[in-house]
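Peer 1: Sequence:
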Amino acid sequence: MNPNVDPAELRKFADIAHRWWDPDGAMGALHALNPLRLDWIDRHAGLEGKRVLDVGCGGGILAEGMAGRGAHVTGIDLSSKPLKVAELHALESGAEVEYREISAEALARESPGAFDVVTCMEMLEHVPEPESSVRACAALVRPGGCVFFSTINRNPKSFLLAIVGAEYVLRLLPRGTHEYTKFIRPSELAAAVRDAGLDLIEVLGMTYNPLTKTFALGRDTDVNYLVACRKPA
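First residue of the sequence shown? That's 2 in the working numbering, and the numbers climb one at a time after it.
Bear in mind the hints are in silico, worked out from the structure with no lab data behind them. Hints are not guaranteed to be accurate.
What follows is a set of in silico ranges between Cβ atoms, one per label pair, in the way DEER data are often shown [to be verified]:
id: 1; residue 1: Gly-71; residue 2: Arg-143; range: 14 to 22 angstroms
id: 2; residue 1: Pro-144; residue 2: Glu-49; range: 17 to 25 angstroms
id: 3; residue 1: Tyr-181; residue 2: His-32; range: 21 to 29 angstroms
id: 4; residue 1: Arg-186; residue 2: Glu-97; range: 35 to 43 angstroms
id: 5; residue 1: Leu-171; residue 2: Glu-49; range: 33 to 41 angstroms
id: 6; residue 1: Asp-23; residue 2: Arg-186; range: 31 to 39 angstroms
id: 7; residue 1: Glu-99; residue 2: Asp-40; range: 20 to 28 angstroms
id: 8; residue 1: Gly-71; residue 2: Leu-161; range: 35 to 43 angstroms
Distance condition first, Cα-Cα at most 30 angstroms in a straight line; then the derived DSS-like pairs of lysine-lysine [what the hints assert, rightly or not]:
id: 9; residue 1: Lys-183; residue 2: Lys-158
id: 10; residue 1: Lys-214; residue 2: Lys-13
id: 11; residue 1: Lys-13; residue 2: Lys-82
id: 12; residue 1: Lys-51; residue 2: Lys-82
id: 13; residue 1: Lys-183; residue 2: Lys-85
id: 14; residue 1: Lys-214; residue 2: Lys-82
id: 15; residue 1: Lys-13; residue 2: Lys-158
id: 16; residue 1: Lys-13; residue 2: Lys-183
id: 17; residue 1: Lys-85; residue 2: Lys-51
id: 18; residue 1: Lys-13; residue 2: Lys-85
id: 19; residue 1: Lys-183; residue 2: Lys-214
id: 20; residue 1: Lys-214; residue 2: Lys-158
id: 21; residue 1: Lys-183; residue 2: Lys-82
Backbone N, C-alpha and C define an ideal beta-carbon position, used for all residues, glycine too.
With these hints in hand, go ahead and build the complete structure from the sequences.
Peer 2: So this is what it looks like as structure tokens:
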């Protein structure tokens, strides 16, 4: 089966892999929002002692954070360079994370229901078939387990803030990181979640304050948003 991946997207993130762990570099926005999303995931799932899969882990920022909360973490990605960066950083930091170059779909066929928690953050807007990724995440989590997604809404405001503002004005992200047509409305993700057999628990927005350079969680889902799901027991 052909993997659910866009080679251009892999090259895009491979090109900035060497700066993945630089909080002032290309991935600075991920470093800034990671404590928020980590606390949110931990609040819902209780990470300590859980077997966790991070789909589209990149250089391992979230994976290491969850390992630091006592989870047994596996990170998967199809971009080789960020995975190498993740492995090297884990050696330096002492984080106990297993990394594999494999797609969520392939791992779902190999190990269905193997994880207590599955996270897929800032990835759905970068794959050709986000519904396929959602189905794979649902297959990978055990009954009663939690699945978490984050992505970007599709509307004029998100175009202005997530692309024009974040990439061209504030330069929070490299230019060309996102394509507007790949953004996903919350209603579309909710439908994919239900079709995959997951129960929707919470939809929460993430907003950025350029004056304080901080992210906050709230009801505004116009741009970035988080989705928490649970697989029926």
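Peer 1: Each hint should be assessed against the structure and marked as holding or not.
Peer 2: How the hints compare with the structure:
{"no.": "1", "hint": "Gly-71 - Arg-143: 14 to 22 angstroms", "verdict": "18 angstroms, holds"}
{"no.": "2", "hint": "Pro-144 - Glu-49: 17 to 25 angstroms", "verdict": "20 angstroms, holds"}
{"no.": "3", "hint": "Tyr-181 - His-32: 21 to 29 angstroms", "verdict": "24 angstroms, holds"}
{"no.": "4", "hint": "Arg-186 - Glu-97: 35 to 43 angstroms", "verdict": "37 angstroms, holds"}
{"no.": "5", "hint": "Leu-171 - Glu-49: 33 to 41 angstroms", "verdict": "36 angstroms, holds"}
{"no.": "6", "hint": "Asp-23 - Arg-186: 31 to 39 angstroms", "verdict": "32 angstroms, holds"}
{"no.": "7", "hint": "Glu-99 - Asp-40: 20 to 28 angstroms", "verdict": "23 angstroms, holds"}
{"no.": "8", "hint": "Gly-71 - Leu-161: 35 to 43 angstroms", "verdict": "40 angstroms, holds"}
{"no.": "9", "hint": "Lys-183 - Lys-158", "verdict": "15 angstroms, holds"}
{"no.": "10", "hint": "Lys-214 - Lys-13", "verdict": "25 angstroms, holds"}
{"no.": "11", "hint": "Lys-13 - Lys-82", "verdict": "11 angstroms, holds"}
{"no.": "12", "hint": "Lys-51 - Lys-82", "verdict": "27 angstroms, holds"}
{"no.": "13", "hint": "Lys-183 - Lys-85", "verdict": "27 angstroms, holds"}
{"no.": "14", "hint": "Lys-214 - Lys-82", "verdict": "28 angstroms, holds"}
{"no.": "15", "hint": "Lys-13 - Lys-158", "verdict": "24 angstroms, holds"}
{"no.": "16", "hint": "Lys-13 - Lys-183", "verdict": "15 angstroms, holds"}
{"no.": "17", "hint": "Lys-85 - Lys-51", "verdict": "24 angstroms, holds"}
{"no.": "18", "hint": "Lys-13 - Lys-85", "verdict": "15 angstroms, holds"}
{"no.": "19", "hint": "Lys-183 - Lys-214", "verdict": "26 angstroms, holds"}
{"no.": "20", "hint": "Lys-214 - Lys-158", "verdict": "19 angstroms, holds"}
{"no.": "21", "hint": "Lys-183 - Lys-82", "verdict": "23 angstroms, holds"}
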